[in-house]
Amino acid sequence: MKRIGIDVGGTNTDAVLIDGETILSSIKVPTTQDVMSGVKAALAHVSGFVGPSDRAIDAVMIGTTHFTNAVVERARLERVAAIRIALPTGGSLPPMCDWPDDLRAAVDPMIFMVHGGHEYDGSPLVPMIPDEIREAAMKIRDAGITSVAISATFSPLTTECEVVAAEIVRSVIPNAKITLSHTLGRIGLLERENVALLNAALQSLGKTTVQAFSDALREADVTAPFYLTQNDGTVALADVAASNPVHSFASGPTNSMRGAAFLTGLTDAMVIDVGGTTSDIGCLVGGFPREANNIVHIGGVRTLFRMPDLLPIALGGGTIVDPETGKIGPRSVGYRILTEARVFGGKTLTTSDIAVAAGLIDMGDRDRVKDLDPAFVQASLERLGTMVADSFDRMKTSADDVSLIAVGGGAFLIPERITGASEVLRVENAGVANALGAAMAQVSGEVDRVFSGLSRDEALAKAETEAQDAAVASGASRQSLKTLEVEDIPIAYLPGGARRVRVRVIGDIAFV
Amino acid sequence: MAEVRKLKYDEADLRTLTVEDLDALEIGAGILGTGGGGNPYQGKLLALQAMKEGYEMKILATDRIEGDALCMSIGGIGAPVVGVERLREGREGLRCLRAMEELIRAPIDAMVCEEIGGANAINPLVTAALGGLPMLDCDGMGRAFPEMQMTTFSIYGHSSTPSVMCDLHGNAVIFSHAVSEVWHERMARACVVAQGGGAMLATAPMQAHYVHQYGIPKSYTKAIALGEAVIRARKAQEDPIAAVCALEGGRRIFNGKISDLKRHFRGGFSVGDIELTGFDDCSRQTAGVAIQNEFLIFRRNGEVEVTVPDLIVLLDVDTGYPITTEMLRYGQRVAVVAIPCHALLRTARALDVVGPAAFGYPEITYSPLPAFVQKAA
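Order-wise, the sequence lines are chains U and H.
Be aware that the first sequence starts at 38, since it is given in my numbering, and climbs by one per residue.
Be aware that the second sequence starts at 50, since it is given in my numbering, and climbs by one per residue.
Derived by calculation from the structure, the hints in this document are not laboratory data.
From a predicted model like this one, the values you see are computed outputs, not experimental measurements.
There's no promise every hint is true.
What the hints assert, rightly or not - Examples of chain U residues toward chain H, derived with CB under 10 Å:
id, residue
1, ALA123
2, ASP135
3, PRO137
4, GLU156
5, TYR157
6, ASP158
7, LEU226
8, GLY323
9, ALA329
10, PHE413
11, ALA426
12, ASP430
13, PRO452
14, ILE526
15, ARG537
Every residue gets a Cβ at the ideal spot worked out from N, C-alpha and C, and that includes glycine.
Just need the whole structure built from these sequences, with the hints factored in.
Right under this line is the structure:
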C-alpha cells in the first residue's frame, strides 16, 4: 500500500511517501505565500520516487491550515444565512450573538429564527412550520446567499427538524450548500450552532482548496483518491472533507502526534511537537490524541466539537533568548530564523543558537556562537528544560512516569531528561512526523448524544453501533473497526436514566 | 388604568450594573457556585441583550428598602444540560412575576435571588430589569445548593408557596400550598420534567424586613468583587487565587492534579468523587472531593477537613477561573479553596437542611471552618 502524506504548516510544507510502513522518501520545503506551489514542489519530489514500473500510489493524505487561517485572518469567508429552529426558545439570544464584531462583519449573516425543535426526550418542542422555513429560504435566495447553516434544539438527539428544513431550503435554492449543526457538534446549542456557522462560512474556500489540491495532484500525475486530515487524527475523503472544513482546524498538531505514535510504535505517550514559534504538547491514548471535552475558542468564537487537547508553549526553534537575563521567549523570530538567528548570520540570539553552542545540533555557522559563556548556555538549557517539564506535567494524566516523544523541526531543543518522563524519545524523520501521521491516518466515526429510557449497557451498545455505522459511511472498512473511546455522563434532574454517551470508533480505509 | 406606584426605596440608593460588572459577576457567581449552580454564561448573554435593549439592572442594599415592601425570589429550575440546549425564551421570569402579582393581587416591590452561585445569580437580574424592579443585594444560599428548601428563607420559616412556575411555552403552574418545603421541591421537580426539564420558579413573596434578617447579605456586591479581583489579578499577572482568598476569608488548602474521577447517578443527581494528587507544597499528599452537583466534602489523606455548608471551591491553578463539576477532567491542575459559609448556614436549624447529613453523610459532623485572616505583608 503506497501512500503520500503532506502537511501544510505555517512555516514548512512536509511530504512523505510510504510503502506499508517503510518510508521511501521525505522532504521539507518552505510553505509558500500561495500555499500550492510549495505543495506542488513537495509532491513532485516524493512522487519522483515511485518508479515507472512500480505500483501506482494508492492514496494521498493532506493536512492543511487553510481553514484555520481564514477564520483567524477574517479573510476568504463567505456570506452565510443562519436558520435556527427553536422558537419559542432562544428568541433573546439570536445566532452569532456572542461573536466578535469583526468576524461577524466578515460573515455578514442573514439570521432567521423559526418555530420547532425537540425536547430532550424526542418529543416536539412545538410543531415546525414549513412555511416559515420556505419564507426564510426565499429571502436567502433573493439575497444571493448560497451557504446556509441550520440548527435546531436537541438536534443531536432528534435530527428531524434540521433534515426537513434542509429539504425545504434545497427546494428553493437548488445549489445551496447546507450545514446541519447535528452533523458537527455536541449538546450545547449556541456552541454547536457556532461550529455550523463557521463551517458554512468556509464552504467556498473548502471547494476551491480541494480543487487546487486536485489540480496539483493531476499535474504530478497522481490519480489516487485523496483525503484531508481531520482534528481527531483521522482522514475523510477530500470531497466529504470539503463540506466540513471545521473538521480540519487542528489537523497539524494531530498529524504530528499520530506520526510520533507511528515512528516509535508507542500508543500511550506524551508528544511534544516543536515548531519555529511554539510547541504543542498533547497526549496519545491508544495511538490517538486525547480530545478536549470543553469549550474551545476558534478565532474568538466559542465552540464545542472534536478537537485535540493541546497545551501550547511559547517555545520553538526561533524563540528569542535575552542575552542579558537569559529569559526565554515568548517572542520569536519565527520564519525569519534563517536570516535572523546568529548561526545563520543574523543578530538575534535564539534557542537554536543555544542548541548549536551546546552541541545539541550542528547547523549554520558554529563559530558565530562560540563567544557565548558555557555557563550561560548551560543555564539556558536548564531553563528550557523546566519550561518543558512544567507543561509536560500539566498534560499528564497520572503520577506515573510516561514517555515523551519529541517531534517537529525543533525537536533537538528538548533535553534528554525531563522530570516526570520515563524517557525522552527522538526518532529519525521526526521533522516530518506530521506528514507521516497524515499518511498513516485511518477513518473514524463518533456519536455524542443523550440516550433516555435505556439501561446504561443498552445505551452504550446503541451508541457503539451508531458510531460504527458513521465510520463506515465515512469510508472505513467495517471489519477493521475498533472502539477507541467510551464516555458516559448521567444527566442530573432528569428521569429515565437519561445519560449523555459519547463513543468513538476507528478503522482502516476501505479500498474498493 | 394608569396608577403611579409609590416606591418603597430611594432611587438614589440603586447601583446600576455595567457590562464590566456582569463580566465580573459571571466569574464571581461561578466561584460561589462551588462546582454547581449551572453555567452563568447564557444568563450573562441574556443580561447583555437586555442592556442593549435599554433595560437596566439595579442593585439595592437590603437595609435601604421599607420593611413592609414585598420581595419575590426567583430562580431557574431544571437540568443544566437542558439549559444549554433548549435556550430560554427570555421572558419566563417576567411571566412568573406578573402571574404572582395577579395571584396575590398586589404589586411586587423588589426581586430577591435564591442562589448567588452559578446561573441563578443572573437569571433574576434579567427578570428584575424587564419588570423595572431593583434586585436586593442578598441571596438565600451565599453559594449553590441543589434543592429549593435549602435557602435560608425556607430554613428560617418562610413558606415558599404559593409559588408560580413558568416555562418557555407560556404555561404557568401555581403551587397554592405545600405542607413542607421538601414537598414543594418534590412537586416542582416533577412539574419541571413535564415542562421539558427547565423552567423559572417564583416563590411566595417575603417582606423586606424578613429578607434583610435572613438573607445572606451583600451577595451581588461580593460576587462582583470576587470576579473583579480575578480579572484584576490576571491583568497584573498576580495570583488570582490569593485575591479570591483575601476577599472571602478563604484559604488555599490544596494544590493538586485530578488523578481519578468517578461520576454516577443517584436519585436524580450527578454524584461523584474526585481524587487529587498533590503538587508544590502538597506533594506526597492526596485529597478527595465528594460531589453531589456541588463540591460537598474535602478530605486530605483520607481525613475529613472541610464539609458542606462551608464552601469548597476548585479554581484553575493558572487562571483562577472556577471549575464546575461538568468541566472536571483527568489531569486538570486545580487549587482547592475553602471559604467559611455565612453564620446563617451554621445554626443547628440550618445544618439539619444543609449539613453533611442532609447530603447522605450522617457519620460526618460539621465543624465550622475558621475564617482565615490574611497576615499583613
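Review point. Can U:ASP430 be said to touch chain H, with a Cβ gap under 10 Å?
Key: Hint on U:ASP430: holds, closest Cβ of chain H at ~8 Å, below 10 Å.
**Study point:** chain H contact restraint for U:TYR157 - C-beta distance below 10 Å
**Key:** OK, holds: U:TYR157 within 10 Å of chain H, min 6 Å.
Exercise for review: With a cut-off of 10 Å on the beta carbons, see whether U:ARG537 makes it to chain H.
Suggested key: 7 Å, holds
Review point. Holds or violated: is the Cβ of U:ALA426 closer than 10 Å to a Cβ in chain H?
Key: 12 Å, violated
Check your understanding: Holds or violated: U:ALA329 as interface residue toward chain H, Cβ cutoff 10 Å?
Key -> Since chain H brings a Cβ to about 9 Å from U:ALA329, closer than 10 Å, the hint holds.
Check your understanding: Would the stated hint for U:GLY323 survive a check requiring a Cβ distance to chain H of less than 10 Å?
Key -> Violated: closest Cβ of chain H sits about 14 Å from U:GLY323, beyond 10 Å.
Review point. How about U:ASP158: closest beta carbon in chain H under 10 Å, or not?
Key: 8 Å, holds
Check your understanding: Is the interface hint for U:PHE413 satisfied, with its Cβ closer than 10 Å to some Cβ of chain H?
Key -> Given a least distance of 26 Å, the restraint on U:PHE413 is violated.
Check your understanding: Against chain H, with CB atoms and a cut of 10 Å, does the hint on U:GLU156 hold up?
Key -> 4 Å, holds
Review point. Can we keep the U:ASP135 interface hint, with Cβ of chain H closer than 10 Å?
Key: 6 Å, holds
Review point. Are U:PRO452 and chain H close enough, Cβ to Cβ, to be under 10 Å, as the hint says?
Key: Hint violated; U:PRO452 Cβ to chain H Cβ min 21 Å, cut 10 Å.
Check your understanding: Is the shortest C-beta separation between U:LEU226 and chain H less than 10 Å?
Key -> For U:LEU226, the interface hint holds, since the closest Cβ of chain H sits about 5 Å away, which is under 10 Å.
In summary, the numbered hints that this structure violates are 3, 8, 10, 11 and 13.
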